[in-house]
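Since chain S is already given, all that's left is putting chain W on it; use the hints.
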Amino acid sequence: MSPWGCAWALCNRVSKSMPSTFSKQTIGYGIAAIIAILGNTVLVVIKEENPAVKAFMKQLLYHHWIAQGVAVLLVFLVLGFILTRLARSSTAQWLTPSLVAASALGALGIIALFLFE
Amino acid sequence: MVHPTTGALAIFCAIWFMVEVLNASERNRGRTRLVALSSMWLMITTYITGGYWYVVYYAADKAVILKGAWPFAHTFFMEAKEHAFFITLILSMLLAVVARREDFARNRSARVLALWVAAMVILSAFAAEGAGSLVAMGVRMGLMQPGI
Numbered sequence: 079m080s081p082w083g084c085a086w087a088l089c090n091r092v093s094k095s096m097p098s099t100f101s102k103q104t105i106g107y108g109i110a111a112i113i114a115i116l117g118n119t120v121l122v123v124i125k126e127e128n129p130a131v132k133a134f135m136k137q138l139l140y141h142h143w144i145a146q147g148v149a150v151l152l153v154f155l156v157l158g159f160i161l162t163r164l165a166r167s168s169t170a171q172w173l174t175p176s177l178v179a180a181s182a183l184g185a186l187g188i189i190a191l192f193l194f195e
Numbered sequence: 123m124v125h126p127t128t129g130a131l132a133i134f135c136a137i138w139f140m141v142e143v144l145n146a147s148e149r150n151r152g153r154t155r156l157v158a159l160s161s162m163w164l165m166i167t168t169y170i171t172g173g174y175w176y177v178v179y180y181a182a183d184k185a186v187i188l189k190g191a192w193p194f195a196h197t198f199f200m201e202a203k204e205h206a207f208f209i210t211l212i213l214s215m216l217l218a219v220v221a222r223r224e225d226f227a228r229n230r231s232a233r234v235l236a237l238w239v240a241a242m243v244i245l246s247a248f249a250a251e252g253a254g255s256l257v258a259m260g261v262r263m264g265l266m267q268p269g270i
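Residue numbers (our numbering), protein chains in the order written: chain S, 79 to 195; chain W, 123 to 270.
If you're looking for bench data, these hints aren't it; they were derived computationally from the structure.
Below, in silico cross-link-like pairs of lysine-lysine (DSS-like), each with a Cα-Cα straight-line distance of 25 Å or less:
no. : chain 1 : residue 1 : chain 2 : residue 2
1   : S       : Lys136    : W       : Lys184
2   : W       : Lys189    : S       : Lys132
3   : W       : Lys184    : S       : Lys132
Partner residues aside, some chain S positions facing chain W, computed with beta carbon under 8 Å:
no. : residue
4   : Ser101
5   : Leu177
6   : Gly184
The beta-carbon is built from N, C-alpha and C at its ideal position, and this holds for glycine as well.
Here chain S stands alone, though its shape is the one from the complex (with noise of 0.2 Å):
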């Protein structure tokens, strides 16, 4: 099969079946995601620019890295958890999209900072 029609197959496949909804999981950790992506790239920017910044998280948790990566990971474990109890099963046809959106803003933000500083 040529490389075209394999490509034809995989997007039949992918869209053979109806739409259908998200389970409130789905969406409670897909929008938790987003904030902590998001705000990743925002606590990159505001330490690698304010060294009090830098300095304080290192001296919260040994390390500005530990101290980030430990934040990243209570936003999205916490907001999951809590907007999973505060959503809805439904079709949110924003959500993949804004999923894209924010990796690639969020990365090419991290980019942008040490490519430019």
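Okay, now just chain W, sitting in the frame of chain S:
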């Protein structure tokens, strides 16, 4: 080095997950969940082992890199890698949640979401592996400098 190995294995599991989702049925539901869970735990192992190496041993490598011919191996590649890795980690955890809670055989939206998340895990983890290679090369370039 443990963390590049577990990172590569997490990538393999994410690729395997994509294959299972593209062929989603009642028969492979358990396997789909298992590979998503494996990808997540391997990525957590990468975080812990890579983090330990970074916090305890990297300072010496950093000094060598900064005095060498490739200081950008630290100032750009290592700095970007150590912070962007959290995106990969969170996406791999989300992948496990989605795999546990959604029925990919019937739910097209969940299938599309899972494929996007898995693709982003694979892409970002490959980028981290590549950046890691450049950091290692930066150390070698530094050690080739006279006076180090």
